[in-house]
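Visitor: Since each chain sits alone in its own frame, please combine them into the complex, following the hints.
Line by line, the protein sequences give chains A and B. The opening position of the first sequence corresponds to residue 1 in the numbering used here, with each subsequent residue numbered one higher. The opening position of the second sequence corresponds to residue 1 in the numbering used here, with each subsequent residue numbered one higher.
Take these hints with a grain of salt, some might be off.
What the hints assert, rightly or not - Reference excerpt, derived from the structure (chain A facing chain B, CB under 8 Å, subset only):
no. : residue
1   : Gly24
2   : Ala28
3   : Ile60
4   : Ser61
5   : Val63
6   : Pro160
7   : Gly247
8   : Thr252
9   : Ile255
10  : Ile270
11  : Val273
12  : Ala275
13  : Asn276
14  : Ala279
15  : Met280
16  : Glu284
Just so you know, these hints were derived from the structure itself, not from any lab. Each residue gets a CB set at the ideal place from its N, CA and C atoms; glycine is no exception.
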Amino acid sequence: MYYLKLIFRNALRHKLRTGLTVLGIVVAILAFGLLRTVVDAWYHGSDAASKTRLVTRNSISLVFSMPLTYSAKIRQLDGVKAVSHANWFGGVYVTEKNFFPQFAVQASTYFDLYPEYIVPPEQMRDFQRDRKGALVGRKLVDTYGFKIGDQVSLRGTIFPGNWEFVVRGIYDGAGDKTDTSQFFFHWDYLNETMKKTAPRRANSVGVYIISLASADRAAEVAAAVDHEFKNSLAETLTETEQAFQLGFVSMTEAIVVAIKIVSFLVIFIIMAVMANTMAMTVRERMAEYATLKALGFGPRHLAVMIFGESLAIASFGAALGIALTFPVADKFGKSMGTLFPVFFVVPETVYMQIAAGVIVGAVAALLPCVRAAHIRIVDGLRSVG
Amino acid sequence: MKIPFSYTLRNLWARKLTTVLTAGGMALVVFVFATVLMLEEGLRKTLVETGSYDNVVVIRRSAQTEVQSAIDRVQAALIESQPEVAFGADGERMVSKETIVLVNLNKRDSDKPTNVMVRGVAPRGLTLRPQVKITAGRMFRPGSSEIVAGRNAAERFKGAGIGETLWFGQREWLVVGTFDAGKSGFDSEIWGDADQLMQAFRRPIYSALLVKLNDPARFNELKTRLESDQRLTVEAKRETIFYADQSEVLANFIRYLGLTLSIIFSVGAIIGAMITMYASVASRTAEIGTLRALGFRQRSVMAAFMFEAILLGLVGGGVGLFLASFMQFFTISTMNWQSFSELAFSFTLTPGITLKTFAFALIMGVVGGFLPAMRAAKLPIIDALRAA
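If we strip away everything but chain B, and leave its shape as in the complex, we get (with noise of 0.2 Å):
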């Protein structure tokens, strides 16, 4: 016969105390998990989503980043003219050969400077890349000294407003137009024309094309052709996995460092759990001794334990996730060490995760509550009856 539920309801009613200090530790340690988790989701998404697999970034050889590739004017017409590049409806060829340049802005609220990246596109490049939408003001004119701020650039630096104006490579710069690129990385970044930023750094050389394939399948025959070339020295990859490779050390940093703290927290919380188990089980020695008299056997009893602390998991693992969707409201931002620029992302929720944090605070629970439990069940009844 089983114990009934009410009765461990009441067990946690009755210290009110001891189960909010123990669910409120263990909250803090699942609001840290989930934290971590929502954050590396952010990265994961704000990167992966910033390209798409029918694009492919050609870069120079082991460069790694676009801000230290280099292609030269030459090079760009020979990987502009492959077969598999398609062809927009204007009869030119989908491709955006681009500069990318950092610069250093100063933040609006600490003004503390950060390589922010200027991207000189061709004006094909918004084609390309269809997330991208200007949301306010309008597309800088080609030919001209205009640029257009990322939704997170024009709101966090200095001077990349709508209507503001920059000064870098002798020139002023006027911000036209804001775009929001659903929140992958070309937010963090500020767009001009190619040509006029290649005349403004003096630099005659392209960073990086952006090709559009006709057909998604054929991108292995274009990567083997353009890589064994003889005049060209480039690697080409696809958008996506570019932009995931870019952060990979960024986001391994944040689930190693976060996955480790995570566990440790949880140790401490475990223990805060172990303890009120046990002084749960040791105050109620005469009780179980009762219950076992009755006719109850140590399964119930240990079930009835182990529902106690699974509840105190579950209490945990509810207020850490409540306080940690609010994280969702911020948006943290860094630079990233490989392509050493800022980059803003936000605290993403999955369903995903809240089912992993409920697993974690129903694993710290059962953790806590496995060995009092059995201690419990294990109660000479005839001993456990004289307990005062």
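In isolation and in its complexed conformation, chain A is listed as follows (with noise of 0.2 Å):
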């Protein structure tokens, strides 16, 4: 007890220079939460993906487009439960700023692989009614202020002209991890304007969703399709949901990377900070362990005395750093809009922020500890800081 009390009494006895250096961890343990928080939002849309789902694209890559007769064939496939298709639709809202994903969906058949997207009934039928029917996530109606009855016009990038929607649902997510900025609509809306303004790319599918009847058939069903349109015009490339996702993360995978350093350069520098902290404090009380050690306390006594000052002082500030992580978190996923559409602070970061903690304290108080063991009773007494 007297051992904290000691603790307690040191570490407040320059009460600025503690402040700074809690005020320094509180600044890097949040930061490296936040950065934490920004990889893990990387990962989500795989991390989300059911294992009983296949996405089916042309094996040249996602920019080429497969028949829709394709749908049928996959269908008859022994293992195949049901089969639906989407085209990304990659259209601006106003300005290009405003990027969210829109798919048009074939309507009859996509929701019904997507149990976690859930929709009230009657709005389900009024979309399923409406041709130009739009069902958008809850992300987008608070980012962008949707209403069930809105009009919204997309200008086309990759199907030009201008296209006009009205909302007729709005859907939400069954778990945190479930993204709901996303906008669907109809694919038949989408190919029958098509047949009119450019026959040729009509009835063309950019993805198709297969639904497993097991999870275990994964490997055969997707060799199985693959195999169907072997030489063909459009060979097929058959892979998981969440391989097709992580496909998309491994394209970008330098950033996280470097994100995933940078997070960790943040630690060595509160660790240089802590250490210099500690290195000064010992410094300064030299004299005083010459004469605990002169009254007989042992090594072993200044060190718990140094690494308890360190760490207390470290994970003090990690705690605070640790709350302030969730309320900045959540702020900044919400300026982001719908760039991180899942954001949140997973129990692994605060593991990983708690470790970091206690870390830096330890490590900070190393070498302190080896000098104030080592220092010889006599040299300390003369010591003057």
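Guide: In structure tokens:
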């Protein structure tokens, strides 16, 4: 008990210095937490992916489409429960800054495959009945203020022209990780318009989504689908939804890696600051340590005191930093709008923050401890800080 | 009278561990700051140098990128016959009708698939882009299933090296050469014969047209006429601006993320400098009192401590910049969100960045040292002399 009292008294001897150090640690732990959360946000798409869904796309790349006739052929394959299809629309809402994903989906089947999008039945009915209808996510509603019945106009970048939609329903996510920043509309609307304006591009599908009878057969069914269309004009590549999403992450991997490295750099920076604080503290107290030694206290006693002080300061700063991470992350996620569809602090981040705080405290005390423990009593008594 | 500079130097030397830790913290912050600036500069250089000023890119209106654009043969002929288009030595128009598609290739090191731009060019395409030079092998023969790969593409993708083959569009394509495009975006691309690629991908249309102007000043005339022509739905941009726009999102992302981080991190380093300087002042109270009693002015005492802080900042800045300069050996590759394709660029150090980095380090030193130096200058002489 008296150890604790001594440690606290010591920590508070230089209030300004301790205060500044704590402030530095708060900033570092907060920055670390936010960066980890940004990295996590990158992976949420693949984390949320279902194991019982496959995605089939053109094997050349996503910008090439597949004929609509594949739908019937895929459905016949053994192990396939249901098939739906979608096209990436890539439209612009008012200005380029307002980015959110838009998909033209086969409305009658698509939402059976995605039970995580929760829509009130009457809204779903309205959506199904209106070919110009659109289904928007909760996050889009929060960001752009869409209401049911609103007219929304998108300027097509891949499919030329201005496209008019009427919001017929709003979907919520079943879990935290469900992306609710998407905009769905009828694939038939897209197709009928393309038949009129660009017949060559009609009846083409961007991706097929396959629902599996059982997750164990994913590899087998994927191979069967690709085999079916081998040597055709549009060869396919089928992978699990998770692999499909991870493909996007791996394309921007360099950025994720950079953010990860930087998140550790901030810990190193604060480690240097904290170590500096402890080095100064110990230097100033050399005479005291020599006195304690002269009174018969061993090096272990000194080490416990120094480690304790360092850990106390670091963990206090870390605790504050962790507490601040939640409100700040919440605000940051909101201000980023739909750029990060899913943005929240996962428990692992908090564990890592705690670990970072403890490591910073321990490492900072290491060198000063060695110095204090090895000081010769006579030299220590002579020293003037 | 001034306090000798060597006094400041010796003070730093007397507390080596503290000096090293403080300057080390600052060096890390400066490293992050410099790296971000170098990355942004590298990206800017890559994309600005991708174009030349007297070339014009014509794409379908509101398509934004070459990949999403489509221009049919009739439209292409109309654009080609505009009076502003230059004539080549052979009497033909200086126009490259190109078809651009994305192809999934696997990386050599990680085997992960990435989108790579495959550009079908007319033989004219090379003369319109004088920065592109074949460095190994030879150019593809028109009318054959041969392709050439950019320097970065050849290095990073499986099957894109010279003598290797790639399979796409139901055909095997032989890589017969690699080209160097002077660190521009073309280095990440693969080029082939436009007509062959259109055939392989069953696309009867071009993606974009690259046009050379006979007079760079007549760009606006051409742009106005093309964009108001009822038969065309196109937009025209100078090639330099077109490629700079392509990377706007990525460049902004790097800049904002990088600068925000640098500022947050610098708070940590400034706090470190403050702690050091406060301690430096506190442990030398009697010394400061003596100096003041000897007749040194408040100003001189303040200057001596400010020097100390600035010196810390400069040492940190120097070390950080030294470490960051090694980043020039690295090339980073990532997907450009706008063009949806892989782009490789390297860290580039310029004199401007060196200056900015030192200014940043200096500011950290000044901000960290100001309050402690004030305290030192304001110490009452008698109390200071009494302090043990």
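Visitor: Against chain B, with CB atoms and a cut of 8 Å, does the hint on Ala275 of chain A hold up?
Guide: holds, 5 Å
Visitor: Once the shortest beta carbon distance from Asn276 of chain A to chain B is found, is it less than 8 Å?
Guide: holds, 4 Å
Visitor: Could you check if Ala279 of chain A really has its C-beta closer than 8 Å to a C-beta on chain B?
Guide: holds, 5 Å
Visitor: Do the numbers back the hint for Ala28 of chain A, that is, is its least Cβ distance to chain B under 8 Å?
Guide: Constraint on Ala28 of chain A satisfied, holds at 6 Å.
Visitor: Does Gly247 of chain A pass the interface check with chain B, least Cβ-Cβ distance below 8 Å?
Guide: With Cβ-Cβ at 6 Å, under 8 Å, it holds.
Visitor: Is the interface hint satisfied for Ile60 of chain A? The criterion is a beta-carbon contact with chain B at less than 8 Å.
Guide: holds, 5 Å
Visitor: Given Gly24 of chain A was flagged as interface, is its beta-carbon under 8 Å from a beta-carbon of chain B?
Guide: At 4 Å from the nearest chain B Cβ, Gly24 of chain A passes the 8 Å test, so the hint holds.
Visitor: Next item in the hint list is Thr252 of chain A. Is there a CB on chain B closer than 8 Å to its CB?
Guide: holds, 5 Å
Visitor: At a threshold of 8 Å, is the proposed contact between Ile255 of chain A and chain B supported by beta-carbon distances?
Guide: Ile255 of chain A check passes; min Cβ-Cβ to chain B is 6 Å, inside 8 Å.
Visitor: Can you verify the interface hint for Pro160 of chain A: is its Cβ closer than 8 Å to any Cβ in chain B?
Guide: holds, 7 Å
Visitor: Close enough to count: is the Cβ of Val63 of chain A nearer than 8 Å to one in chain B?
Guide: With a minimum Cβ separation of about 5 Å from chain B (threshold 8 Å), the hint on Val63 of chain A holds.
Visitor: If you take the shortest Cβ to Cβ gap from Val273 of chain A to chain B, is it below 8 Å?
Guide: holds, 4 Å
Figure legend: structure checked against the earlier numbered hints; every hint is met.
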